[in-house]
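K.L.:
With the hints as your guide, set chain H with the ligands onto chain R.
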Amino acid sequence: MLDVAATGPLIDVRSISKLFQTGEETVHALRDITFGISQGEFVSLLGPSGCGKTTLMMIMVGLTSANTGEARIGGRRIDEPFTDVGIVFQTPELLDWRTAQENVLLQIEIRRLPVRNYIERARALLAQVGLEGFENKLPFELSGGMKQRVALCRALIHDPEILLMDEPFGALDALTRDQMNLDLQRIWLEKRKTAVFVTHSIDEAVFLSDRIIVMTPRPGAIAEIIKVDLPRPRTLDQKDAPEFSAFTKHIRKRFMDLGVLKDG
Amino acid sequence: MLSLLCCLGVWEATVRYFDVPVYLIPAPSLIATKLMTAYPLFLQESLHSVISIIIGFTLAVAVGIPAATLMIYSEWFRRGIYPILLTAQVLPKVALAPLFIVWFGFGLLPKVLMTFLISFFPIVIDTLTGLNSVRPESLMLIRSMGGSRWQSFWKIRLPTALPSIFGGFKVAITFAVVGTIVAEFVGSDHGLGYILVLARGNLDTVTVFAAILWLIAIGFLFYFAVEVAERIFIRGRAARRSHELGAGL
Ligand SMILES: Nc1ncnc2c1ncn2[C@@H]1O[C@H](COP(=O)(O)OP(=O)(O)O)[C@@H](O)[C@H]1O
Ligand SMILES: [Mg+2]
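If you read the sequences in order, they're chains R and H.
Counting in this note's numbering, the first sequence runs from 1 upward without gaps.
Counting in this note's numbering, the second sequence runs from 1 upward without gaps.
Next up, chain R with everything else stripped away, as it sits in the complex (with noise of 0.2 Å):
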């Protein structure tokens, strides 16, 4: 890995700040956000519905502009879509005339790069989260959960330098997140690239993260950033870990202060 200290942060948020106008009224989304995440990191940004966190990751790589501060990645300003990226959104966004295979060469196609060269390496990206013999199926043939696994293919395909991804298991039933959750580290781990993930769940936050970016409720701030030093890999049965359950209770206790909680 990158000596981080002697490069600076891959991502620099610094200031940023985000208000939206419909009609009369103004939405404060973002309230003043700065933080760095370094190469290799896997940072989540978790907090309540409607805070922001959407907006900031398109902030992050300039598919949404910023009222003030700026976002750097690699030193560089974004002031356009950044495209060194493989986003998740938390909807497959599967087009529904192509196969998992075609969905998930999208992105090689639009990229404008030799689809042939990256026929086996997508096969072998369907292979590796279960969809070996899947890889002509349509979108409606698939369950919820492996049509979020041919995203999460698509956002690979291309090996690219920082991975997005928007609640991309939000949609799902627990095992199935689960499942996604172990798939994902183990993907990760073999690259260790650099990935963002917006959860509103603080145990999937915990069990996937290096740090923990807190966010408070609209709008939304850094309430807290949190390292998570458990060793990797990471398995379930680690969950009911006392070292584990520290950071949920911590981050409970967060969201309680915050008000995003209630006692009944």
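Because the hints were derived from the structure by calculation, they are not lab data.
Be aware that a few hints might be false.
Unchecked claim - Coverage of chain R stretches by chain H, computed from C-beta distances (three or more under 8 Å per stretch; other residues unrestricted):
| id | segment |
| --- | --- |
| 1 | 25 to 34 |
| 2 | 91 to 98 |
| 3 | 113 to 120 |
What the hints assert, rightly or not - Mimicking DSSO-like on lysine-lysine, the simulated pairs with C-alpha atoms at most 30 Å apart in a straight line are:
| id | chain 1 | residue 1 | chain 2 | residue 2 |
| --- | --- | --- | --- | --- |
| 4 | R | Lys227 | R | Lys262 |
| 5 | R | Lys193 | R | Lys262 |
| 6 | R | Lys137 | R | Lys193 |
| 7 | H | Lys155 | R | Lys193 |
| 8 | R | Lys191 | R | Lys227 |
| 9 | R | Lys137 | H | Lys155 |
Values in this document were obtained by computation on a predicted structure and should not be read as measured data.
For every residue, glycine included, the Cβ atom is placed at its ideal position computed from N, Cα and C.
P.N.:
Same frame as chain R, now just chain H with the ligands:
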């Protein structure tokens, strides 16, 4: 099919039993005979109608889809064109037919124009709806891949819009048949509409019925052609499956 035959049987019997005059409602057998004997004439005149329908509809597609596309990408164009489009649609186009004759005579042109005008609107509106039904996340994804507007149109927007576009085609093709026939009605020297007017003038009700049957057949044929094209262009849509899972709900 069987129900249709039954209807025909009842019709034949009723007409014969009550001795209904032929100029009011002719017996099916008479119409059938007419269809056989006058077959070449009908075929020839249908060809005139069919050509007008095809050209008019094709024009409507060729202008409608680009127009809808421009409306998506250019606010300026959309604002400019929309009032015109709407006016053209609410105005009863049949009322324009006599004017077309004054301007363009009795040939193919006024028929094509009427057909175009009448089938244009559903194509534009449904294409617009389809092109707009793209999810913003899909477009963000394309942007994150460094994709161009051209790519997002051909790879995402247009294919996403296809089911809706074909919905528009289906409405438009039936309108197109009406457009051509109306134009022939009002003033033309060829086509099934012209035959209809002529036969009616002669109180030749048998021919009127026969011509109507031809029209129905042509309508079906065109509609079927659009459905076949739809099936070729659209693959993997979940419509059939959702019907299955919905168990008819
Ligand atoms: N394009 C937009 N126009 C207006 N308001 C928006 C827009 N996008 C997001 N918002 C608002 O900004 C706030 C933050 O949204 P978002 O970033 O999606 O939150 P999160 O992902 O944390 O749920 C929400 O209140 C949302 O309603
Ligand atoms: Mg969100």
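K.L.:
If a hint holds in the structure, say so; if it does not, say that too.
P.N.:
The hints, checked one at a time:
1. 25 to 34: violated (count 0)
2. 91 to 98: The restraint on the segment 91 to 98 of chain R holds, since 6 of its residues have a Cβ under 8 Å from chain H and three suffice.
3. 113 to 120: Per the Cβ count (0), the hint is violated.
4. R/Lys227 x R/Lys262: Holds - the C-alpha atoms of R/Lys262 and R/Lys227 are around 25 Å apart, at most 30 Å.
5. R/Lys193 x R/Lys262: The hint is violated at about 37 Å.
6. R/Lys137 x R/Lys193: holds, 29 Å
7. H/Lys155 x R/Lys193: Answer holds: H/Lys155 to R/Lys193 is near 29 Å, not above 30 Å.
8. R/Lys191 x R/Lys227: This hinted pair holds, its Cα atoms lying about 21 Å apart.
9. R/Lys137 x H/Lys155: Answer holds: R/Lys137 to H/Lys155 is near 19 Å, not above 30 Å.
When held up to the earlier numbered hints, the structure conflicts with 1, 3 and 5 and fits the remainder.
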